[in-house]
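**Q** Residue-level listing of the chains:
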Amino acid sequence: QKEVEQNSGPLSVPEGAIASLNCTYSDRGSQSFFWYRQYSGKSPELIMSIYSNGDKEDGRFTAQLNKASQYVSLLIRDSQPSDSATYLCAVMGVYNNNDMRFGAGTRLTVKP
Amino acid sequence: SQTIHQWPATLVQPVGSPLSLECTVEGTSNPNLYWYRQAAGRGLQLLFYSVGIGQISSEVPQNLSASRPQDRQFILSSKKLLLSDSGFYLCAWSQGQGTSPLHFGNGTRLTVT
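Quick mapping for you: the protein sequence lines, in order, are chains A and B. Going by the working numbering, the first sequence opens with residue 120, and the numbers climb by one from there. Going by the working numbering, the second sequence opens with residue 152, and the numbers climb by one from there.
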């Protein structure tokens, strides 16, 4: 069983639509969850962090966490072509709280 | 503010040659430091992480090694590169509190020929 799983995509949405990205993780003891955006050829950049069950909003981004279901999601509202990138889900504490594991990423394309 | 420097940006090395990639962090003390590798079109594979000077945890058995000679310096090495070592190498740091996110350097793209 993979530690952090994401649909690889590609996910394609029209400009202005909501993009929904999903992630599941295997370690029920994980406590910290992150979403990163990675443009082609670049390093990942942090978008959101979430630690408690429920929703966390930051501008056009909303992260959702459900620890009982071991599920994390990222919603991008009013998607823009500049949002086209690979989105990486990351989970801290898969084996200890210094160990961060990443999913394989979901490639998002926003079409004008 | 904290900054992370990673070099070189690109590297082309023949099979069997040695490797040394360096990463330094400024503006913080006693950070956790990480090395990840990303193969083309793939996710990030954790190679090594360090919670302090001389303390290295290895995640994947391979021909790579890591060292942390100073608090804010992390070095990735190999004595003899393999073709399969090609990839995008990323250094990252965190505050090490268990809830802190990782912050990445710009990466080194290594091609082994």
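Bear in mind the hints are in silico, worked out from the structure with no lab data behind them. Just so you know, not all the hints are guaranteed correct.
As the list claims (entries may be wrong) - Just a few of them, taken from the derived set where beta-carbon distance is under 8 angstroms, the chain B residues facing chain A:
1) ALA190
2) GLY194
3) LEU195
4) LEU198
5) LYS230
6) LEU241
7) HIS254
8) PHE255
From the three backbone atoms N, C-alpha and C, an ideal C-beta is built for every residue, glycine too.
**Q** So, for every hint listed, does it hold in this structure?
**A** Cross-check of the supplied hints:
no.: 1; hint: ALA190; verdict: 11 angstroms, violated
no.: 2; hint: GLY194; verdict: 4 angstroms, holds
no.: 3; hint: LEU195; verdict: 4 angstroms, holds
no.: 4; hint: LEU198; verdict: 12 angstroms, violated
no.: 5; hint: LYS230; verdict: 26 angstroms, violated
no.: 6; hint: LEU241; verdict: 6 angstroms, holds
no.: 7; hint: HIS254; verdict: 7 angstroms, holds
no.: 8; hint: PHE255; verdict: 4 angstroms, holds
In terms of the numbered hints stated before, the structure departs from hints 1, 4 and 5, listed from lowest to highest.
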